[in-house]
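Colleague: Sequence:
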Amino acid sequence: MANPKPSTFQPEESIEIAQIQRTTFYGPIPHPSILEGYEKIVNGAANRILAMAEANAKHIHALEIKALEIKSAEIKRGQIFGFSIGLAALGVCLYALIVGAHGTATSIGGITLVGLVSAFILGRLPSKKEK
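Our numbering applies: residue 1029 is where the sequence shown begins, and numbers increase by one.
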């Protein structure tokens, strides 16, 4: 029995080209083409979206101002308390000197001075989060 001659199969050559496009847009309002799509669906939607973004920006701005005011008041309160502690320690130190307790006066004055100076210096250094 004769072997049949194998047929030669020629595969078709094809090239497949694919393109992937990715567009990102970041902002408080949608990309203009998306905004246009909303406007086509609902008349006036673009104005409503822009008004919403403006209101949100005003709200965030007001919150940031309030946070700065609170931080400023906190710093001022800390300075007032630090000054009060310094005056109280100075008064106790002077009283201890008048009574004749020189060692106590030196200790109170020195500890208070070192504590207040270090608090002011360390309070001005940037924290690890700020670096």
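Among the clues, some could well be false.
[To be verified] Pairwise CB distance ranges (calculated): (1) I1057 / A1116: 40 to 46 Å; (2) I1048 / K1094: 30 to 36 Å; (3) I1098 / L1118: 27 to 33 Å; (4) A1085 / I1108: 31 to 37 Å; (5) Q1049 / I1149: 18 to 24 Å.
Hint data in this document are derived by calculation from the structure and do not stem from the laboratory.
Here the structure is a predicted model, which means the values were calculated and not measured.
Where is the CB? At the ideal position from N, CA and C, for every residue including glycine.
Colleague: Now, for every hint given, state plainly whether the structure supports it.
Modeller: Verification of the hints:
Take I1057 and A1116: their Cβ atoms lie about 56 Å apart, and the range 40 to 46 Å is violated. About 45 Å separates the C-beta atoms of I1048 and K1094, a value inconsistent with the hinted range of 30 to 36 Å. For the pair I1098 and L1118, the supplied restraint of 27 to 33 Å holds, since their beta-carbon distance comes to about 30 Å. Taken as a hint, the range 31 to 37 Å holds for the pair A1085 and I1108, whose Cβ atoms sit roughly 35 Å apart.
Against the hinted window of 18 to 24 Å, the Cβ-Cβ separation of Q1049 and I1149 comes to about 56 Å, which falls outside the hint.
Checked against the numbered hints above, the structure violates hints 1, 2 and 5; every other hint is satisfied.
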